[in-house]
Amino acid sequence: MKLLAYFRSVAAKFFRPSEIEGDMEEELRSHIQHRADDLERSGLDRAEAERRARIEFGGHARFKEESREALGGNFIETLSQDVRLAVRMLRKSPSFTVAAVLTLALAIGANAVVFGVLNGLILRPLNVPQPESLWGIERGSGKAVNQSYPDYLDLRDRNRSFDGLAAYNVTSVGLDTGNNPSGSWILETTGNYFDVLRIQPYLGRFFHASDEHGPNSAPYIVLTYAYWQAHFQDDRGVVGRVVRLNKHPFTILGVAPPEFRGSLLFAVPDFWVPIVNQEQVEGSYVLNARGNRGILMVLGHLKAGVTPAQAISDLNSIGAYLERNYPKDDGQMTFSLARPGLSGDWLGAPIRAFLTGLMLLAGLILVAACANLGSLFAARAADRSREVALRLALGSGRVRILRGLFSEAVLISLAGGAAGLWGSVALLHGLSVWRPLPTAPLNVAVNPDAKVYGVALLLSLASGFLFGAVPVRQVLHTDPYEIVKSGSRTTGGRRITARDLLLVVQIAICAVLVTSSMVAVRGLARSLDSKFGFEPRNATLVETALNMAGYSGDSVPAMQKRMIEALGKIPGVKSVGSVDRPPLYYGANGSNVFTDNTADLRPSNAAAEAMTYNISPEYLEAAGTALLAGRAFTWHDDKNAPRVAVINQEFARKIFGSATNAVGKYYKMPDGTRIQVVGIAEDGKYEHLAEDPEPAMFLPIQQSPSTQTVLVLRSEGDPERLTAAIHRTMRDLDAGLPFDIRTWSQELDSALLGPRMATISLGVLGAMGAMLSITGIFGMAAYSVSKRLKELGIRMALGAQRKEVLQAALGRALKLLAFGSAAGLILGILASRVLAFIVYQATPRDPLVLTGVVLAMACFGLLATWIPAQRALSLEPSTLLREE
Amino acid sequence: MSGQAQLLPGTLDLLILKAVSLGPLHGYGILLRIGQISEQALLIEQGALYPALFRLVRQGLLKASWGTSENNRRAKFYELTSLGRKRLREETDGWNRLATAIASALAAQPEEI
Numbered sequence: 007m008k009l010l011a012y013f014r015s016v017a018a019k020f021f022r023p024s025e026i027e028g029d030m031e032e033e034l035r036s037h038i039q040h041r042a043d044d045l046e047r048s049g050l051d052r053a054e055a056e057r058r059a060r061i062e063f064g065g066h067a068r069f070k071e072e073s074r075e076a077l078g079g080n081f082i083e084t085l086s087q088d089v090r091l092a093v094r095m096l097r098k099s100p101s102f103t104v105a106a107v108l109t110l111a112l113a114i115g116a117n118a119v120v121f122g123v124l125n126g127l128i129l130r131p132l133n134v135p136q137p138e139s140l141w142g143i144e145r146g147s148g149k150a151v152n153q154s155y156p157d158y159l160d161l162r163d164r165n166r167s168f169d170g171l172a173a174y175n176v177t178s179v180g181l182d183t184g185n186n187p188s189g190s191w192i193l194e195t196t197g198n199y200f201d202v203l204r205i206q207p208y209l210g211r212f213f214h215a216s217d218e219h220g221p222n223s224a225p226y227i228v229l230t231y232a233y234w235q236a237h238f239q240d241d242r243g244v245v246g247r248v249v250r251l252n253k254h255p256f257t258i259l260g261v262a263p264p265e266f267r268g269s270l271l272f273a274v275p276d277f278w279v280p281i282v283n284q285e286q287v288e289g290s291y292v293l294n295a296r297g298n299r300g301i302l303m304v305l306g307h308l309k310a311g312v313t314p315a316q317a318i319s320d321l322n323s324i325g326a327y328l329e330r331n332y333p334k335d336d337g338q339m340t341f342s343l344a345r346p347g348l349s350g351d352w353l354g355a356p357i358r359a360f361l362t363g364l365m366l367l368a369g370l371i372l373v374a375a376c377a378n379l380g381s382l383f384a385a386r387a388a389d390r391s392r393e394v395a396l397r398l399a400l401g402s403g404r405v406r407i408l409r410g411l412f413s414e415a416v417l418i419s420l421a422g423g424a425a426g427l428w429g430s431v432a433l434l435h436g437l438s439v440w441r442p443l444p445t446a447p448l449n450v451a452v453n454p455d456a457k458v459y460g461v462a463l464l465l466s467l468a469s470g471f472l473f474g475a476v477p478v479r480q481v482l483h484t485d486p487y488e489i490v491k492s493g494s495r496t497t498g499g500r501r502i503t504a505r506d507l508l509l510v511v512q513i514a515i516c517a518v519l520v521t522s523s524m525v526a527v528r529g530l531a532r533s534l535d536s537k538f539g540f541e542p543r544n545a546t547l548v549e550t551a552l553n554m555a556g557y558s559g560d561s562v563p564a565m566q567k568r569m570i571e572a573l574g575k576i577p578g579v580k581s582v583g584s585v586d587r588p589p590l591y592y593g594a595n596g597s598n599v600f601t602d603n604t605a606d607l608r609p610s611n612a613a614a615e616a617m618t619y620n621i622s623p624e625y626l627e628a629a630g631t632a633l634l635a636g637r638a639f640t641w642h643d644d645k646n647a648p649r650v651a652v653i654n655q656e657f658a659r660k661i662f663g664s665a666t667n668a669v670g671k672y673y674k675m676p677d678g679t680r681i682q683v684v685g686i687a688e689d690g691k692y693e694h695l696a697e698d699p700e701p702a703m704f705l706p707i708q709q710s711p712s713t714q715t716v717l718v719l720r721s722e723g724d725p726e727r728l729t730a731a732i733h734r735t736m737r738d739l740d741a742g743l744p745f746d747i748r749t750w751s752q753e754l755d756s757a758l759l760g761p762r763m764a765t766i767s768l769g770v771l772g773a774m775g776a777m778l779s780i781t782g783i784f785g786m787a788a789y790s791v792s793k794r795l796k797e798l799g800i801r802m803a804l805g806a807q808r809k810e811v812l813q814a815a816l817g818r819a820l821k822l823l824a825f826g827s828a829a830g831l832i833l834g835i836l837a838s839r840v841l842a843f844i845v846y847q848a849t850p851r852d853p854l855v856l857t858g859v860v861l862a863m864a865c866f867g868l869l870a871t872w873i874p875a876q877r878a879l880s881l882e883p884s885t886l887l888r889e890e
Numbered sequence: 008m009s010g011q012a013q014l015l016p017g018t019l020d021l022l023i024l025k026a027v028s029l030g031p032l033h034g035y036g037i038l039l040r041i042g043q044i045s046e047q048a049l050l051i052e053q054g055a056l057y058p059a060l061f062r063l064v065r066q067g068l069l070k071a072s073w074g075t076s077e078n079n080r081r082a083k084f085y086e087l088t089s090l091g092r093k094r095l096r097e098e099t100d101g102w103n104r105l106a107t108a109i110a111s112a113l114a115a116q117p118e119e120i
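Read top to bottom, the protein sequences are chains A and B.
Residue numbers for the first sequence follow the numbering used here, so the first one is 7 and each next one is one higher.
Residue numbers for the second sequence follow the numbering used here, so the first one is 8 and each next one is one higher.
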């Protein structure tokens with residue numbers, strides 16, 4: 007009953023607040039009129055009677071408020087009142103409001119963007135049913151995810167832990183739908199791929215394990231939804247259509263659902279093809295070779311009730327079986343599990359570490375922004391202490407005043423959060439359709455979801471309360487009588503205030519950000535300067551797909567030689583060579599090598615794993631790789647000649663102990679072939695820029711042929727001018743051969759993508775940190791000058807010198823700046839270790855970085871104190887003293 | 008003002024209920040009635056009456072309706088609900104018991120112990 011009445015009154019308050027308000031107002035007025043009537047009757051005139059009645063009634067506003075509280079359901083009412091008041095207060099100081107909202111918009115926006123990427127890459131699993139039980143298999147202590155197909159078959163058939171194991175590979179093919187043949191990125195998968203991942207077709211059907219009957223038995227294609235939309239215009243009749251894949255007929259079976267983008271989070275394939283058709287797709291069939299670990303990844307769902315630990319021990323027992331039975335091919339067959347989305351821990355771990363570090367830095371930005379706004383709010387509260395004191399004296403509750411302050415803070419933070427979120431959503435959408443490299447299917451779906459919005463809202467509210475809380479103590483300790491009497495705060499004192507501490511914290515954080523961004527920029531500059539082991543300038547790469555044009559066997563080296571000769575005749579081309587896959591290209595081929603006196607060629611006895619490049623005789627010259635000793639290949643190093651190799655210095659050091667006398671010596675390949683070293687080439691970068699020196703060997707293409715062919719053209723001057731001539735030459739040789747022309751510098755963009763992304767993101771955060779420190783110091787300095795105008799005026803009137811005035815006005819701000827910068831620099835040095843994952847030789851103990859940070863912070867300090875200093879110096883003591 | 012007593016906390020509600028029990032009254036009328044029945048001994052701050060009135064309405068002890076006063080002005084009149092009547096009885100009994108107990112305690116003489 008009582009409860010019902012309460013709810014009714016709450017509901018009434020909620021739905022008809024103004025009516026209730028008017029009702030109450032009228033009742034109080036009626037009271038005063040009645041009292042005035044009585045007073046009038048006792049002989050006062052009407053005006054005097056009404057005045058007296060009002061005075062007798064007492065604090066009108068306070069009673070009204072208490073009444074409102076007594077009426078209940080006042081939460082919404084007071085909230086909207088608080089908000090209205092806050093809006094009015096903020097509108098009174100628009101520049102403060104805009105600055106505060108912008109600061110927060112940037113800080114919250116940065117957090118939302120970083121979180122969005124983190125969410126897309128790390129928090130969000132692969133878009134398959136029951137992603138929590140889906141694992142990829144890693145091998146050995148190096149956490150390699152690649153396996154050989156025979157090993158995969160053993161793992162699939164012998165394990166008792168998985169509901170099924172699928173495997174896939176990423177590769178490119180030429181697809182001819184009747185128009186122009188075009189290159190596509192695809193996943194070659196085992197037949198059970200879709201069944202293991204539990205995906206249902208959007209259209210048509212998928213291929214299954216039952217479709218596999220040996221090599222080239224399953225010429226089927228399943229399209230991704232996006233590719234179907236883009237290239238087949240949503241044509242539902244596409245199912246059953248026969249298209250040509252590398253000139254072989256393949257049937258389109260169906261289309262995958264839109265939310266399934268394949269089993270890698272950062273790559274979008276165009277379609278899926280059964281791996282048993284590898285020969286038609288890649289030009290050669292290596293699925294029988296146990297030593298060829300060309301399968302990119304093996305993955306599957308754990309059976310219900312099987313823990314990852316049980317699955318690992320199950321896999322390891324299979325591994326032991328493999329080591330026993332295939333000692334020549336299988337060494338160190340221990341396994342572990344990793345989430346498959348980022349291609350296991352090999353790539354996943356550094357991405358995770360970097361994004362976590364970035365999230366941490368973004369969080370620091372927000373904390374710095376809050377510290378900044380907190381000290382601004384405290385300054386504002388101090389300025390408004392007179393107003394606060396008046397309100398207290400007039401009977402306003404302290405809680406009410408604090409609520410007002412918090413309303414302002416939260417209002418600002420919500421506005422900032424909304425603006426920041428708006429910007430970050432736009433940026434995330436942009437990132438989601440961005441393909442950073444023209445030559446690879448790299449793409450990350452980082453579209454914001456509910457989690458991103460939730461985090462942004464939470465951060466806004468939290469930061470609002472955080473910086474809103476700074477002036478609380480100040481308000482609670484306000485003594486209304488003192489302040490109204492004396493007209494100004496009495497908190498002179500030289501003691502360290504909360505505001506000082508906030509400024510130091512903020513500057514320290516900003517210095518951390520500036521330090522890490524400088525470390526990253528320096529690292530990038532250094533990795534651009536570092537020796538690649540080849541010369542990308544003035545070099546053009548022509549990537550051909552001989553497999554797509556039907557070349558195989560002996561026709562491959564013949565065509566390679568024809569291309570090299572024809573391209574070499576183009577005017578302006580100095581030399582042309584071919585390589586199967588240039589260094590710093592996606593992935594690299596490696597092979598175990600053995601010393602010449604090793605008899606037992608099992609993998610565990612290998613002396614090293616060396617990068618392998620199959621090159622034509624002119625390659626080293628065309629690539630600009632220096633030959634330090636011995637000779638390069640000639641066209642006479644063919645099948646009938648003894649096997650030879652050019653090795654790099656690191657190879658020579660590892661296998662032969664020194665780089666000087668390796669020429670003429672022998673080493674062994676896993677199949678027992680003895681190879682004689684004929685030359686030593688300089689070291690280079692092979693897999694990525696931050697790698698340690700790796701052994702590498704160059705083999706002549708006539709002795710180890712490969713259909714993969716990338717031609718390297720070294721030219722005089724701008725390589726772009728050659729494009730038309732190269733096109734003409736290639737068309738003349740074979741009009742049906744797909745090829746792709748890029749300068750080598752463009753190609754390197756892929757190798758530089760990681761460091762570049764890292765540098766850009768850290769640079770942006772560093773710039774934001776710099777901005778925050780400038781506004782923070784500026785706020786502090788401007789405030790301290792404006793508060794002490796009178797004191798400074800007196801000093802000047804008494805004959806203080808400019809230096810002394812500046813010292814008095816800004817000394818404190820500069821001292822805090824120095825202190826904060828030092829603290830931040832030390833923290834930044836510690837934090838930069840995280841960067842070492844991505845950035846080449848990321849070390850903050852670099853004199854250039856250290857001086858850079860110190861100089862930058864000093865510049866920010868000068869910049870931020872310039873205007874307040876000018877103001878202090880331009881004081882006119884006489885006018886100033888007259889004013890008060 | 009020596010003849011006036013401060014209100015004990017919690018007694019204002021009881022006085023309001025009592026005043027209204029004698030017939031519907033508007034706010035100012037309640038003040039006058041309390042002054043009259045207490046023979047001007049109890050002083051109530053005028054504005055403080057209203058939060059108490061609203062609280063009682065919210066508790067369902069009073070109900071309010073607009074009407075016209077003896078001065079021919081619009082005013083809001085309060086009257087007891089049945090719940091309010093019951094509460095007034097309980098509170099009166101409780102108050103009387105307390106007052107008797109306090110009075111007899113204060114009247115105690117040394118020889119009675």
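Hints may contain errors.
[As the list claims (entries may be wrong)] A few chain A positions that, by computed beta-carbon distances, are all more than 12 Å from chain B:
{"hint": "1", "residue": "M30"}
{"hint": "2", "residue": "Q39"}
{"hint": "3", "residue": "G64"}
{"hint": "4", "residue": "Q136"}
{"hint": "5", "residue": "Q286"}
{"hint": "6", "residue": "A446"}
{"hint": "7", "residue": "H483"}
{"hint": "8", "residue": "L868"}
[To be verified] Here are some, though not all, of the chain B residues that point toward chain A, as calculated from beta-carbon distances under 7 Å:
{"hint": "9", "residue": "P58"}
{"hint": "10", "residue": "T99"}
{"hint": "11", "residue": "W102"}
[As the list claims (entries may be wrong)] Label-pair restraints from in silico Cβ distances:
{"hint": "12", "chain 1": "B", "residue 1": "G74", "chain 2": "A", "residue 2": "A456", "range": "15 to 23 Å"}
{"hint": "13", "chain 1": "A", "residue 1": "S48", "chain 2": "B", "residue 2": "G74", "range": "19 to 27 Å"}
{"hint": "14", "chain 1": "B", "residue 1": "P117", "chain 2": "A", "residue 2": "S48", "range": "13 to 21 Å"}
{"hint": "15", "chain 1": "B", "residue 1": "E46", "chain 2": "A", "residue 2": "E27", "range": "31 to 39 Å"}
Don't read these hints as lab results, they were simulated from the structure.
Quantities reported herein were computed from a predicted structural model and do not represent experimental measurements.
Yeah, the Cβ is synthetic: ideal placement off N, Cα and C, and Gly gets one too.
Which earlier hints can't be squared with this structure?
-> 1, 2, 3, 10, 11, 12, 14
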